[in-house]
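J.: Chains A and B, in that order, give the protein sequences.
Each residue of the first sequence is one higher than the one before, starting from 1 at the first, in the UniProt record's numbering.
Each residue of the second sequence is one higher than the one before, starting from 1 at the first, in the UniProt record's numbering.
Calculated from the structure, these hints are not laboratory results.
Note that the Cβ used here is the ideal one computed from N, Cα and C, for glycine as well.
Worth double-checking, as some hints may not be accurate.
[To be verified] Derived DEER-like restraints, expressed as beta-carbon distance ranges:
| id | chain 1 | residue 1 | chain 2 | residue 2 | range |
| --- | --- | --- | --- | --- | --- |
| 1 | B | Met-1 | A | Ser-97 | 46 to 52 Å |
| 2 | B | Ser-2 | A | Tyr-89 | 38 to 44 Å |
| 3 | B | Ala-240 | A | Leu-11 | 50 to 56 Å |
| 4 | B | Lys-116 | A | Val-81 | 43 to 49 Å |
| 5 | A | Lys-98 | B | Glu-144 | 40 to 46 Å |
| 6 | B | Phe-11 | A | Lys-98 | 44 to 50 Å |
| 7 | B | Met-1 | A | Val-81 | 44 to 50 Å |
| 8 | A | Ile-266 | B | Ser-146 | 33 to 39 Å |
| 9 | A | Leu-20 | B | Asp-55 | 43 to 49 Å |
| 10 | B | Ala-240 | A | Phe-99 | 50 to 56 Å |
| 11 | A | Val-128 | B | Glu-144 | 58 to 64 Å |
| 12 | A | Phe-99 | B | Lys-116 | 41 to 47 Å |
| 13 | B | Asp-241 | A | Ser-97 | 21 to 27 Å |
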Amino acid sequence: MISRSFKDRFLLATFWSAGLAILLVLTGIIGYLLLRGGSSLTVEFLTTAPRGLPLGTSGGVLPAIKGTLLLVLIAVLAAAVPGLITAIYLSEYGESSKFTTLVNITIQCMAGIPSIVTGLFGYAFFVVYLGFGFSLLAGGLSLGIMIFPVIVLTARDALLAVNEQYRLTGAALGVSRWYMLHRVIIPQAAPAILSGILLAMGYAAGATAPIMVTAAVISAGMSGGLMEPVMALPYHLYILFSQHISMEKAYGTALLLVLLLLFLNITALLLKGRQGKGGY
Amino acid sequence: MSIQVKNWSVFFEKYPVLHNIDLEFNGQGIFAVIGPSGCGKTTLLKSINRTAELDRGFNCSGKILLNGEDIYQKNDAASIRRRVGMVFQTPVALPMSVRENVLFGPRYYGEKNKRKLRDICERSLKQAGLWEEVKDKLEHPAGELSGGQKQRLAIARALAVEPEVLLLDEPCSSLDPASTMLIERLLTQLSGTLSIVLVTHNLFQAKRVAHQTLLMMAGQVVEYGPTGQLFSKPVRQETADFISGLTW
Ligand SMILES: Nc1ncnc2c1ncn2[C@@H]1O[C@H](COP(=O)(O)OP(=O)(O)OP(=O)(O)O)[C@@H](O)[C@H]1O
Ligand SMILES: [Mg+2]
Numbered sequence: 001m002i003s004r005s006f007k008d009r010f011l012l013a014t015f016w017s018a019g020l021a022i023l024l025v026l027t028g029i030i031g032y033l034l035l036r037g038g039s040s041l042t043v044e045f046l047t048t049a050p051r052g053l054p055l056g057t058s059g060g061v062l063p064a065i066k067g068t069l070l071l072v073l074i075a076v077l078a079a080a081v082p083g084l085i086t087a088i089y090l091s092e093y094g095e096s097s098k099f100t101t102l103v104n105i106t107i108q109c110m111a112g113i114p115s116i117v118t119g120l121f122g123y124a125f126f127v128v129y130l131g132f133g134f135s136l137l138a139g140g141l142s143l144g145i146m147i148f149p150v151i152v153l154t155a156r157d158a159l160l161a162v163n164e165q166y167r168l169t170g171a172a173l174g175v176s177r178w179y180m181l182h183r184v185i186i187p188q189a190a191p192a193i194l195s196g197i198l199l200a201m202g203y204a205a206g207a208t209a210p211i212m213v214t215a216a217v218i219s220a221g222m223s224g225g226l227m228e229p230v231m232a233l234p235y236h237l238y239i240l241f242s243q244h245i246s247m248e249k250a251y252g253t254a255l256l257l258v259l260l261l262l263f264l265n266i267t268a269l270l271l272k273g274r275q276g277k278g279g280y
Numbered sequence: 001m002s003i004q005v006k007n008w009s010v011f012f013e014k015y016p017v018l019h020n021i022d023l024e025f026n027g028q029g030i031f032a033v034i035g036p037s038g039c040g041k042t043t044l045l046k047s048i049n050r051t052a053e054l055d056r057g058f059n060c061s062g063k064i065l066l067n068g069e070d071i072y073q074k075n076d077a078a079s080i081r082r083r084v085g086m087v088f089q090t091p092v093a094l095p096m097s098v099r100e101n102v103l104f105g106p107r108y109y110g111e112k113n114k115r116k117l118r119d120i121c122e123r124s125l126k127q128a129g130l131w132e133e134v135k136d137k138l139e140h141p142a143g144e145l146s147g148g149q150k151q152r153l154a155i156a157r158a159l160a161v162e163p164e165v166l167l168l169d170e171p172c173s174s175l176d177p178a179s180t181m182l183i184e185r186l187l188t189q190l191s192g193t194l195s196i197v198l199v200t201h202n203l204f205q206a207k208r209v210a211h212q213t214l215l216m217m218a219g220q221v222v223e224y225g226p227t228g229q230l231f232s233k234p235v236r237q238e239t240a241d242f243i244s245g246l247t248w
């Protein structure tokens, strides 16, 4: 008995320290970014374009903010609906045929493709083959391909997590699967599905590789045309840092990006916590 | 409503679960199904409203007739399920209000008239003996109800689409004695107007409410007949052993 409780306490302590370590790493990163980049995160930084020679030594990141938001928007518009349909197919209609298994494996593999490879595909297909050129559209769609499996997998699991008894209850009343889906299953899974979409958006906002070869440039105007190249926060950060343009601005940009991702992830977590709560 | 099961067999993948079941249940009253765990009671019940086929690997042979009509003839399981309601072992409250739970079926079947919907709700809840307890909280989430109330809500939900047969799979197994008594009284009342098939692990319950009782073992019919006779003068030795508690 004594050794059992010692073991329990030891394990508990291990889990606690693991959690604590993660917390420390995260606060460490944010704290460091605040320290190095906090001073450059001003209203002017958020609302003006980069200036100076080389470009970015002064001024702000407004075009990059806009570019990133647009890229993420296109990615989500392109991936969410097909992702949701695939997830519904996998969870509700797929039973477990060979085809479903194949689809599941494909999605799993897609999720594992390195993002630079997705970028290369986007370059070959959207930029060159479809003739979109280096553009917002090509970059957004490449990001869409990248986040598609994330959306499918989170939505599938959210749907599968809905109480199986509901489906049986509906079936026993002679109610169609589609009716069950739209009156019970999807509303129940909605918070978790949305949370998955937000996570995917965060993933897209932070991804650099796919847009490096399809959409992002060092400097672009504010036109926001679908067929125009764009600036983007992670790429801007990469340039500021790798070309030693301005470390201060690089940290400011990094801080902004991290805050954006934190916001998306925390919203996602809050949403996820709501699944199936409240009786309705 | 007569239910006839003729030479009915069910397999999951290749594994046989029901073997050549033959039985007849004529008219109203309560038909109890008893038997050891895993003997196929739930599968038999789910065969009668065509929900068994939702499970993977389901295969069947033989016939099940409702009023002489072969329910597996047409490819229309939904209309059979509407006519043959089913209540499951674990009480299920759909994640919506009490009222919407009851009206779930009627709304699906296209009832839009507000007055009619209100009447259906009240009538079904009264039939299920739940009206007095919930009439002031129809808009509350059904998840707030107690286990026994949820089970009666499930009965009301099934009754709302006016089935001809009601199947109940151990409906009282997770309920306290008072709720159990309530449901038994309810079933007895309902049996005046509709055919009820009740799977139960509780032999006393079968004795108390059932007009006829069927004993199954290992996917086969052992014996069935009027409840009094089955319990007092069983024909088969297995039946005598089972009801005296030797084989469970
Ligand atoms: N979907 C299924 N797939 C495979 N085997 C199944 C399936 N459903 C039931 N079985 C098997 O069929 C047999 C009968 O199951 P069933 O649920 O009908 O028994 P039961 O009499 O209702 O048991 P209990 O009293 O424990 O509820 C069991 O051996 C079970 O393992
Ligand atoms: Mg059972």
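J.: Does each hint hold? Answer for all of them.
T.: Hint by hint, here is what the structure shows:
1. Range check, B:Met-1 to A:Ser-97: about 37 Å between beta-carbon atoms, so the 46 to 52 Å window is missed.
2. The given range of 38 to 44 Å is respected by B:Ser-2 and A:Tyr-89, whose C-beta atoms sit roughly 41 Å from each other.
3. At roughly 54 Å, the beta carbons of B:Ala-240 and A:Leu-11 sit within the given window of 50 to 56 Å.
4. Separated by about 37 Å at the C-beta atoms, B:Lys-116 and A:Val-81 break the suggested range of 43 to 49 Å.
5. A hinted range of 40 to 46 Å holds for the C-beta pair A:Lys-98 and B:Glu-144, which are about 44 Å apart.
6. In this structure the supplied range 44 to 50 Å is violated for B:Phe-11 paired with A:Lys-98, their Cβ-Cβ distance being about 21 Å.
7. In this structure the supplied range 44 to 50 Å holds for B:Met-1 paired with A:Val-81, their Cβ-Cβ distance being about 46 Å.
8. In this structure the hint that A:Ile-266 and B:Ser-146 lie 33 to 39 Å apart at CB holds, the actual value being about 37 Å.
9. A beta carbon spacing of about 47 Å between A:Leu-20 and B:Asp-55 agrees with the range 43 to 49 Å that was offered as a hint.
10. For B:Ala-240 and A:Phe-99, the hinted distance range of 50 to 56 Å is satisfied, since their beta carbons lie about 52 Å from each other.
11. The given range of 58 to 64 Å is respected by A:Val-128 and B:Glu-144, whose C-beta atoms sit roughly 60 Å from each other.
12. A:Phe-99 and B:Lys-116 have their C-beta atoms about 44 Å apart, which keeps the hinted 41 to 47 Å range intact.
13. In this structure, B:Asp-241 and A:Ser-97 break the distance hint of 21 to 27 Å, their C-beta atoms being roughly 44 Å apart.
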